[in-house]
Amino acid sequence: KAGVTQTPRYLIKTRGQQVTLSCSPISGHRSVSWYQQTPGQGLQFLFEYFSETQRNKGNFPGRFSGRQFSNSRSEMNVSTLELGDSALYLCASSFQEGNTEAFFGQGTRLTVV
Amino acid sequence: GQQVMQIPQYQHVQEGEDFTTYCNSSTTLSNIQWYKQRPGGHPVFLIQLVKSGEVKKQKRLTFQFGEAKKNSSLHITATQTTDVGTYFCADRETSYDKVIFGPGTSLSVIP
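Protein chains in written order, with this note's numbering: chain H, 72 to 184; chain C, 11 to 121.
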């Protein structure tokens, strides 16, 4: 069974631009969560989607948004990029929402210059 | 809001020594999960603990959930270089709350 796939793996953007990251969960998984990982802040929860509905949202500004499609694939968008948005963005999928094992993708390394 | 703390932040051990990391929450947990992230890699699920006082073992790894369900520990016996990485605990207050990850404990093993 294929794992969680995130694209692209690496991205360089300039301040003010916007970016869209993609996540394809494991086949059959309906829950997708997004995290931002930085050396200083660790793993910070962004959002969680289940069956195309946002179930939970972390403490991030409105520039961070996401969505989930009917095939469970998810995208996250960051508008008006700031230098501080440079991070590893990780997507994790689970079979169902709630307290279940999460499978992480390799992540997208975003650098804002 | 809910806070999750882990100690120590860093641990350097000689290969063969034991290692323990502790996870403490400011609230009672519905369950706790542990993940390992190798340098340059992504978090990988290790285990989930659900019951108060639960103890689970995976080869040299022993996981414990506190009686009050507010803390947990991961103990590695006789560390090996393959144990290098950052160990995170993660929890939610209920099944429908957001997941909170602890800051992690970074383990270095000196051969």
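Possibly wrong hints are sitting among the right ones.
Listed next, the in silico DMTMM-like pairs over lysine to aspartate or glutamate satisfying Cα-Cα at most 20 Å (straight line) [claimed, not checked]:
#, chain 1, residue 1, chain 2, residue 2
1, C, 61, C, 28
2, C, 80, C, 93
3, C, 108, H, 172
4, C, 108, H, 146
5, C, 108, H, 123
6, C, 61, C, 77
7, C, 108, H, 153
8, C, 69, C, 93
9, H, 84, H, 153
10, C, 66, C, 93
11, H, 128, C, 77
12, C, 66, C, 107
13, H, 128, H, 168
14, C, 69, C, 28
15, C, 67, C, 28
16, C, 46, C, 28
17, C, 46, H, 172
18, H, 128, H, 172
19, C, 69, C, 107
20, C, 80, C, 107
21, C, 67, H, 153
22, C, 46, C, 93
23, C, 61, H, 123
24, C, 67, C, 93
25, C, 46, C, 77
26, H, 128, H, 146
27, C, 66, H, 172
Among chain C residues calculated to face chain H with C-beta under 8 Å, some are [to be verified]:
#, residue
28, 55
29, 107
30, 113
What the hints contain is simulated information worked out from the structure, not anything from laboratory work.
These figures come from a predicted structure and were not determined experimentally.
No residue lacks a Cβ here, since even glycine has one placed at the ideal position from N, Cα and C.
If you test the structure against every hint from before, which numbers come out violated? 1, 2, 7, 11, 12, 19, 21, 23, 25
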